[in-house]
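There are 2 protein chains.
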Amino acid sequence: MVIMTLNCGSSSVKYQIYDWDKKRRLASGIVERVTQKGSVIVHEAAGKPEYKKEQDCPTHREAIQLIIEAVLHPEYGAISDLSEIKAVGHRVVHGGEKFAQSVVITDEVVEVFKSIAHLAPLHNPANIQGIEAARQLLPDVPHCAIMDTAWHQTMPDHSYIYALPYEWYEKYGVRRYGFHGTSFLYTSRRAAVLLGKKPSETNLIIAHIGNGASINAVKNGCSYDTSMGLTPLEGLVMGTRCGDIDPAIPFYIMQQTGLSPKEVESILNKKSGVLGITGKWVDRRDVEIAAEQGDKRAILCQTIEGYRIKKYIGAYMAALGRVDAIVFTAGVGEKGPIIRQIALEGLEALGVKLDPERNRVSMTRNAETIISTDDSPVKVFVIPTDEEMVMTEDTYALMNGTYDIHTRFTY
Amino acid sequence: MVIMTLNCGSSSVKYQIYDWDKKRRLASGIVERVTQKGSVIVHEAAGKPEYKKEQDCPTHREAIQLIIEAVLHPEYGAISDLSEIKAVGHRVVHGGEKFAQSVVITDEVVEVFKSIAHLAPLHNPANIQGIEAARQLLPDVPHCAIMDTAWHQTMPDHSYIYALPYEWYEKYGVRRYGFHGTSFLYTSRRAAVLLGKKPSETNLIIAHIGNGASINAVKNGCSYDTSMGLTPLEGLVMGTRCGDIDPAIPFYIMQQTGLSPKEVESILNKKSGVLGITGKWVDRRDVEIAAEQGDKRAILCQTIEGYRIKKYIGAYMAALGRVDAIVFTAGVGEKGPIIRQIALEGLEALGVKLDPERNRVSMTRNAETIISTDDSPVKVFVIPTDEEMVMTEDTYALMNGTYDIHTRFTY
Ligand SMILES: Nc1ncnc2c1ncn2[C@@H]1O[C@H](COP(=O)(O)OP(=O)(O)O)[C@@H](O)[C@H]1O
Ligand SMILES: Nc1ncnc2c1ncn2[C@@H]1O[C@H](COP(=O)(O)OP(=O)(O)O)[C@@H](O)[C@H]1O
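Protein sequence lines, in the order shown, are assigned to chains A and B.
For the record, in the first sequence the residue sitting at position 61 is 61 according to this note's numbering, with numbers rising by one throughout.
For the record, in the second sequence the residue sitting at position 190 is 190 according to this note's numbering, with numbers rising by one throughout.
If you're looking for bench data, these hints aren't it; they were derived computationally from the structure.
One or more of the hints may lead you astray.
A pair counts as met if it fits within one copy or between any two copies, since identical chains are not told apart.
Calculated pairs, EDC-like style, for lysine to aspartate or glutamate (alpha carbon to alpha carbon, straight line, at most 16 Å) [claimed, not checked]:
id: 1; residue 1: K296; residue 2: E170
id: 2; residue 1: K280; residue 2: E167
id: 3; residue 1: K114; residue 2: E44
id: 4; residue 1: K296; residue 2: E167
id: 5; residue 1: K296; residue 2: E132
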């Protein structure tokens with residue numbers, strides 16, 4: 001069974017074509033600058049050279065058409081007929097409280113997504129446009145929705161209810177939802193394999209540190225608490241997002257500067273985090289180079305980033321009581337030994353013994369490594385994430401009628 | 001030496017008269033409804049019956065006059081001549097970054113307070129009015145300022161810098177300041193005594209849980225991190241304050257409801273926290289009664305309150321590496337076994353062993369107790385706080401020229 005996955009962002013569409021039976025990726029790529037001038041597709045089929053084409057995509061529909069064209073391309077393509085694709089899996093950022101798992105998309109499901117689009121105004125509208133265009137262009141195959149929030153629907157109410165007027169939860173859905181669910185699902189299952197335990201017996205803390213960053217407390221294989229909240233703004237220091245702050249600060253800044261709520265919200269999302277502290281950089285590699293050259297704000301930024309991860313690790317150790325392993329994943333988590341070192345040093349009293357040398361050399365996206373010492377009561381793993389795999393796997397399971405045993409999957 | 005302390009809030013003035021040489025409180029009391037109609041003083045001198053008088057106080061000046069009158073009262077008073085008072089200590093909520101310790105008040109000091117009044121618009125204006133009125137009414141004695149923020153000025157920059165545009169720190173003073181400093185100073189010194197260690201050798205986590213609530217990581221006797229931030233809104237669940245939330249929530253609520261920034265800010269401060277979750281109660285005793293009767297929202301509220309304290313305890317254990325003791329203080333901390341139980345249960349893996357029976361019976365403001373088991377690696381103490389004592393002590397030390405050895409005080 002060949003499965004296509006689509007991840008429609010506000011100005012990009014990422015995709016992958018996967019042959020389930022051969023367990024092989026046939027092609028993957030991205031269309032960038034969608035809805036803007038100068039859209040371009042970068043496509044690569046297994047064993048073939050990269051293919052690039054510029055063509056304006058005023059909507060997600062044209063982008064998906066471009067993808068279909070590339071996938072069928074006689075020279076650079078991956079399949080010879082569209083009918084080979086048996087199902088499409090769509091990434092949907094926000095599933096609200098309606099979806100605790102992936103679903104086959106129907107008109108009713110699309111209506112539900114529309115009714116909760118205000119919860120993720122930056123993401124859900126694009127997700128919905130992508131789904132509607134893809135359903136028109138590929139009308140004969142089932143489409144599935146895989147939601148970032150679904151994984152976290154197992155959280156207990158004391159993790160997801162804020163100390164805010166309770167009506168805000170009832171009327172407006174104000175609660176912690178959490179994101180990066182596919183990544184946490186994948187890495188939690190891999191961690192169970194590395195531990196030689198059943199997922200349902202493992203307690204984990206997983207730090208997904210990419211451009212966006214969040215951390216997840218996993219209890220008996222299920223999400224128990226996480227750092228992102230109503231939106232992906234809360235929690236850790238991110239590339240341009242502030243994470244946790246005093247909620248009084250936006251009001252104070254509006255009053256001091258005369259900025260509007262919209263302007264302040266945009267600064268918290270786009271000009272804060274690593275960019276805010278350093279004043280110059282978003283990419284942690286640039287911060288690393290500057291820190292090595294002695295730049296004080298770059299060093300401060302790394303220290304804050306690591307320190308805030310460390311505090312969440314401690315918080316979730318207390319929340320879970322017993323922890324089998326801490327997992328690092330995503331760009332910085334997989335390739336950033338400095339941040340990992342700052343986050344993990346000095347935790348011996350809590351049972352975490354980092355092996356500095358193992359940590360230093362673990363810098364690849366292509367291998368799972370252990371970076372704790374052999375006698376560390378709590379193991380520390382670096383596990384490259386694979387969100388596309390979860391989308392493919394969920395889509396397959398929904399097609400195959402095996403989705404109810406989802407939590408028993410081992411990736 | 002007789003020392004007077006004054007704590008001027010926006011609508012109240014609390015005071016105490018203390019005889020330093022005899023180590024004895026001579027009188028204490030409160031003027032309520034200051035700047036409003038129907039102001040009233042409630043006063044009590046040691047060994048004498050309570051004294052009450054209604055008299056409108058349009059400003060803090062009239063309130064302080066009322067206090068002086070009560071203190072000198074032939075029947076209910078505590079001293080026979082105003083000249084017996086040798087110094088006055090004033091509580092100042094926000095000292096910004098200018099003051100890392102208590103100071104003798106000069107005209108210049110008052111100017112600095114005025115220049116940073118915008119940092120604590122609810123508190124500092126009243127503090128300044130009180131200082132100015134008291135200096136006029138008691139012109140011949142030195143006045144000292146004891147600031148809630150001073151204790152926290154030892155925090156390292158990675159604790160106090162937010163992941164926000166760095167200019168906000170430079171231009172507008174946006175950083176973590178922390179509050180409840182006098183309470184943390186007092187209880188940290190007492191904890192050192194109970195541990196039989198020098199303050200400079202003790203690592204502590206102190207939870208001050210009253211109507212307002214904050215928690216403090218103390219490293220080698222100095223503040224290292226704390227949960228309140230630019231303002232007292234950040235951190236734990238409080239009586240009516242929300243503590244930590246997704247910073248996107250206020251914007252989402254404004255957009256959904258049409259409320260103004262001022263209105264939302266006021267709800268976060270006055271209608272959230274325990275009141276927000278339960279919808280009915282601010283006082284934890286009411287919540288306790290309702291929870292016992294099975295009220296779901298009351299039980300949820302207790303669980304959230306305890307869980308959020310637990311997460312901070314874990315976070316600060318990770319931040320400190322080694323912890324000698326956890327301390328509970330203030331109204332709920334001293335008299336709320338249920339919240340303490342929820343916060344402390346299941347932390348055995350982190351070295352904290354609660355003795356449930358010791359916890360249950362520790363419910364007084366008049367004794368220091370240990371509520372961990374005898375073999376608990378991390379001790380847990382309940383220590384009644386005494387903020388007035390720190391104000392008196394600091395004032396005396398400033399007068400006596402011994403303030404530089406402040407951190408060696410044992411309370
Ligand atoms: N060698 C490296 N060292 C440190 N950080 C890295 C390295 N390589 C990539 N990164 C960081 O990873 C981030 C991207 O992570 P990724 O998980 O791919 O992002 P996204 O959250 O956008 O999916 C980049 O912003 C960069 O800061
Ligand atoms: N017996 C009790 N059990 C639980 N909570 C209590 C008890 N007594 C007082 N409290 C709580 O203590 C709070 C006041 O704490 P306190 O430290 O005096 O307040 P503040 O922060 O205003 O100085 C009250 O709001 C109440 O909820």
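So, going through the hints one by one against the coordinates:
Taking the shortest Cα distances, K296 and E170 sit within 16 Å of each other only across copies (15 Å), while inside one copy they are farther apart (46 Å). In this homomeric assembly, K280 and E167 come within 16 Å of each other (Cα to Cα) only across copies, at 12 Å, whereas the closest approach inside a single copy is 41 Å. Proximity of K114 and E44 under a CA criterion of 16 Å is satisfied in neither setting, with 33 Å inside one chain copy and 64 Å between copies. Taking the closest pair of Cα atoms, K296 and E167 come within 16 Å of each other only across two copies (15 Å); inside a single copy the shortest separation is 45 Å, beyond that limit.
When the C-alpha separation of K296 and E132 is checked against a cutoff of 16 Å, the pair qualifies neither within a copy, at 49 Å, nor between copies, at 42 Å.
Consistency note: the structure conflicts with the earlier hints numbered 3 and 5.
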